[in-house]
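Enquirer: Take a look at the letters that make up each chain.
There are 2 protein chains.
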Amino acid sequence: MTEHSVTVENTLQSLLASKKYPTIRDILVTMNPADIAAVFSGCEPEQLPLLFRLLPKELAAESFVEMESDQQELLIRGLSDSELRQVMDELYVDDAVDIVEEMPANVVQRILAQSDPQMRKEINEILQYPENSAGSVMTTEYVSLRPDMTVGDAILRIRRTGVDKETIYTCYVLENRLLVGTVSVKSLLLAPSDMQTIDSVMESGSGLITVNTHTDQEEVAQMMSKYNLLAIPVVDSDNRMVGIVTFDDAMDVMEDETTEDMEIMAGITPSDKTYLRSSPWDLFKHRIPWLALLMVSATFTGLIITSFEEALAAQVALTAFIPMLMDTGGNSGSQSSVTVIRAISLNELEFRDLPSVIWKEIRTAVMCGIALAILCFAKIMLVDRMLLANDDITVLVAAVVCLTMLVTIIIAKVVGCVLPMCAKKLGFDPAVMASPFITTTVDALSLLVYFSIANGLLHL
Amino acid sequence: MTEHSVTVENTLQSLLASKKYPTIRDILVTMNPADIAAVFSGCEPEQLPLLFRLLPKELAAESFVEMESDQQELLIRGLSDSELRQVMDELYVDDAVDIVEEMPANVVQRILAQSDPQMRKEINEILQYPENSAGSVMTTEYVSLRPDMTVGDAILRIRRTGVDKETIYTCYVLENRLLVGTVSVKSLLLAPSDMQTIDSVMESGSGLITVNTHTDQEEVAQMMSKYNLLAIPVVDSDNRMVGIVTFDDAMDVMEDETTEDMEIMAGITPSDKTYLRSSPWDLFKHRIPWLALLMVSATFTGLIITSFEEALAAQVALTAFIPMLMDTGGNSGSQSSVTVIRAISLNELEFRDLPSVIWKEIRTAVMCGIALAILCFAKIMLVDRMLLANDDITVLVAAVVCLTMLVTIIIAKVVGCVLPMCAKKLGFDPAVMASPFITTTVDALSLLVYFSIANGLLHL
Chain A
0 MTEHSVTVEN TLQSLLASKK YPTIRDILVT MNPADIAAVF SGCEPEQLPL
50 LFRLLPKELA AESFVEMESD QQELLIRGLS DSELRQVMDE LYVDDAVDIV
100 EEMPANVVQR ILAQSDPQMR KEINEILQYP ENSAGSVMTT EYVSLRPDMT
150 VGDAILRIRR TGVDKETIYT CYVLENRLLV GTVSVKSLLL APSDMQTIDS
200 VMESGSGLIT VNTHTDQEEV AQMMSKYNLL AIPVVDSDNR MVGIVTFDDA
250 MDVMEDETTE DMEIMAGITP SDKTYLRSSP WDLFKHRIPW LALLMVSATF
300 TGLIITSFEE ALAAQVALTA FIPMLMDTGG NSGSQSSVTV IRAISLNELE
350 FRDLPSVIWK EIRTAVMCGI ALAILCFAKI MLVDRMLLAN DDITVLVAAV
400 VCLTMLVTII IAKVVGCVLP MCAKKLGFDP AVMASPFITT TVDALSLLVY
450 FSIANGLLHL
Chain B
0 MTEHSVTVEN TLQSLLASKK YPTIRDILVT MNPADIAAVF SGCEPEQLPL
50 LFRLLPKELA AESFVEMESD QQELLIRGLS DSELRQVMDE LYVDDAVDIV
100 EEMPANVVQR ILAQSDPQMR KEINEILQYP ENSAGSVMTT EYVSLRPDMT
150 VGDAILRIRR TGVDKETIYT CYVLENRLLV GTVSVKSLLL APSDMQTIDS
200 VMESGSGLIT VNTHTDQEEV AQMMSKYNLL AIPVVDSDNR MVGIVTFDDA
250 MDVMEDETTE DMEIMAGITP SDKTYLRSSP WDLFKHRIPW LALLMVSATF
300 TGLIITSFEE ALAAQVALTA FIPMLMDTGG NSGSQSSVTV IRAISLNELE
350 FRDLPSVIWK EIRTAVMCGI ALAILCFAKI MLVDRMLLAN DDITVLVAAV
400 VCLTMLVTII IAKVVGCVLP MCAKKLGFDP AVMASPFITT TVDALSLLVY
450 FSIANGLLHL
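From first to last, the protein sequence lines stand for chains A and B. The numbers in numbering that gives the first Met the number 0 rise by one with no breaks, and the one at position 118 of the first sequence is 117. The numbers in numbering that gives the first Met the number 0 rise by one with no breaks, and the one at position 94 of the second sequence is 93.
Source of the hints: derived by calculation from the structure; they are not laboratory data. Hints should not be assumed to be uniformly reliable.
Intra- or inter-copy, both count: the list cannot distinguish identical chains.
Unchecked claim - Listed next, the in silico DSBU-like pairs over lysine-lysine satisfying Cα-Cα at most 30 Å (straight line):
| hint | residue 1 | residue 2 |
| --- | --- | --- |
| 1 | K19 | K164 |
| 2 | K272 | K56 |
| 3 | K120 | K185 |
| 4 | K18 | K284 |
| 5 | K284 | K272 |
| 6 | K423 | K272 |
| 7 | K185 | K423 |
| 8 | K120 | K56 |
| 9 | K19 | K56 |
| 10 | K56 | K18 |
| 11 | K423 | K56 |
| 12 | K120 | K272 |
| 13 | K423 | K284 |
| 14 | K185 | K19 |
| 15 | K164 | K120 |
| 16 | K164 | K56 |
| 17 | K164 | K284 |
| 18 | K120 | K423 |
| 19 | K19 | K284 |
| 20 | K164 | K18 |
| 21 | K120 | K18 |
| 22 | K19 | K424 |
| 23 | K272 | K185 |
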């Protein structure tokens, strides 16, 4: 798709240069909002309002939603008040909120001033909810029905009011503002008779899935995926219906949360900006805290080595295996921690599973440890001792290294599964306990094991 | 939700013990398919067919789809041929294919024998497509319309044929089996007149988004997310419409691909099994290849240390900083690689961006490197030299360590961004180039830098 956009971009640039506006309009109206936004992102700031004005108003609003926030800001500054009002009239409330959240205060004021009073009220309500909650990503525009309506009435109501709703395919049956059921357009259309009442075709009871305004958006997306829902109703603490989250927002949430998890797991403070739009300074700010913290905590590994300095001087060959032992420990630990972190975020693991997880990891670690120890012993004897003729490396040294490897892997795998589960239990994001943190912990432990075993076997 | 399932499970167990089948049925029919499947997963194998027979046939089929494949297999073995046929009659083709793909050959034969000939033909067709392609996740059950139909005719056709379709909300307008447009039920219901023809309300032209049968499922999911599509049409190489992929399958694909990416990034061969269902032997098989490969490749770091053994013996204090330098290099490299890998998988980066990515990473690395070098210098002088009174650590040693740190971070960040982008260009999964691989590469490079700088400054 990107290549397609590039070609269109070049065409549009030459058409712009020759002021062929009707042709440009003809091209743009055949395109999708997301592709139009991609083309716009390559244009000069002063061309933006010009191009934007060529779009029919509905397509204009849809493309506006798909643009990056810095482009949106440029465009809003270039539009007149009445043009801005037209855009706001076409937006769904949840999209308007997303835009408002990203803009500086003076732009927000202009946006709110140009929204109709109902829209302004709803934007302000949604802005009250905590970031990343269901309330903050929902829309308040849904189709509501009454349980005593007939199917025919319901279809008429959808036809009359549906144009302003983000989805009409799931309708919500309310009684005194309480949600009593949901009904899909499919079941309305396929109902045997138009005279049936809504309560005879709706889903209700314990099969009714809802989330609270404060439910975390990641959990909302997972529930929609689990129950294959097009939209999920959001209720307040008194069980009154306040809005819906639609599948397209859930998909965006899933993408954002994955990016965030991966960033945290790599020791990066999460950022909303895409990579290409982040300046080196942005990247620096998000990367330096963890680097600094982990560097300082590596003081412990340094201390351990210093305190065994004499042993190392007596048996210089031992130093050469430190990186291999530390890396293998780190890799073993990350394998467990990443597996467990992912299982936690998919709700497959809970804290009460901890004993069975530890037991499973120990058995896996013993298998991995024995296999690697044997491989390592063979490698040391064949490569280091025979091929490279390093006489410092005795069978005993090889035994120390291989035994350390076995113990390190067991420790690493246990630490790797325990830390994320405890973090979750204590209310932290388990992803924080991924590779960098585990590596630092396992490094120190593996060095202690190494020198203890060396002391014991080599009598240093 | 899980806690809810546990309680229901206990209730059901006591009801089962007292043979209160009508009560069990009454409870089950109020529940969602996904929750029923969760309850079933906690039951004894011999109870499964018993409980399953209590469900109304549509709910039975929906719950069957949500079950884990080992449970499905147990259940199929416990059902009679006619019961199995009833389940197959209720399944959508794509769900049937998912089940068939997981079953052993003799179960597959029974399933195919109990499917009607049309279903059997469609299952076999979908099974031909490569794994993880759009063809392998699509369903062939969609609503097709003709461009010359009226809106009223179209609604009638949906009412007549919709019950067997996975989604009715997007209908596909075909002319000689070629896709000429799509039309949503929303636009049908909101059309000003029932007498309008379909070609006057349909989306067509370059705004029509399609994927090919061979398009990778991850790309399919991303396109649906980008264009906010409920369903995406799949066409063959002659542009003939062959099926659709629906949003619920796209959400599952997104979850599976995220898990796979994270596993690969942690040096684990991806697996389809959930963590709790994987045996230690399964975990071992998926973890040992990378551990072994990375361990053997750490031979290089060992060699480098061995060749500088004399220098290390002359200046023992240098050894203590090896872990810190290696870890900081590894962490810096993972930060870049994970950021770049994620940007590649979200289609934000392409190979032609490589020079600008390298330039951005170098500037970031210089900032991180200088900040950390200063912090490290302060730490060494204050903690190691003054607080711990280690006289081996001179200002010159501290300078060697800090200079190495700066150079290592720059190398690590460049390696971290270049390797994934080159992997992508060469047709490999960029995720393979994440932390473990980068760590091993950066370890060797950072040791070389360390000893070169030490040689230069300390004249070892």
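Enquirer: Against each hint, give a clear statement of whether it holds in the structure.
Expert: Verification of the hints:
1. K19 - K164: Neither, since 36 Å and 45 Å both go past 30 Å.
2. K272 - K56: within (28 Å within a copy, 49 Å between copies)
3. K120 - K185: Only across copies: K120 and K185 sit 27 Å apart there, 32 Å inside one copy, limit 30 Å.
4. K18 - K284: neither (44 Å within a copy, 64 Å between copies)
5. K284 - K272: within (13 Å within a copy, 38 Å between copies)
6. K423 - K272: So K423 and K272 pass the 30 Å test inside a copy (27 Å) and across (23 Å) alike.
7. K185 - K423: Neither, since 41 Å and 43 Å both go past 30 Å.
8. K120 - K56: Intra 23 Å, inter 47 Å, cutoff 30 Å: intra-copy only.
9. K19 - K56: within (20 Å within a copy, 61 Å between copies)
10. K56 - K18: within (21 Å within a copy, 64 Å between copies)
11. K423 - K56: Answer is neither: 47 Å inside a copy and 40 Å across each miss the 30 Å cutoff.
12. K120 - K272: Close inside one copy (29 Å), not across copies (47 Å); limit 30 Å.
13. K423 - K284: Close inside one copy (26 Å) and across copies (28 Å); limit 30 Å.
14. K185 - K19: neither (45 Å within a copy, 35 Å between copies)
15. K164 - K120: Within one copy only: 17 Å inside a chain, 40 Å across chains, cut-off 30 Å.
16. K164 - K56: within (17 Å within a copy, 34 Å between copies)
17. K164 - K284: neither (41 Å within a copy, 51 Å between copies)
18. K120 - K423: neither (37 Å within a copy, 48 Å between copies)
19. K19 - K284: So K19 and K284 fail the 30 Å test inside a copy (45 Å) and across (63 Å) alike.
20. K164 - K18: neither (37 Å within a copy, 48 Å between copies)
21. K120 - K18: neither (41 Å within a copy, 56 Å between copies)
22. K19 - K424: neither (62 Å within a copy, 38 Å between copies)
23. K272 - K185: neither (39 Å within a copy, 34 Å between copies)
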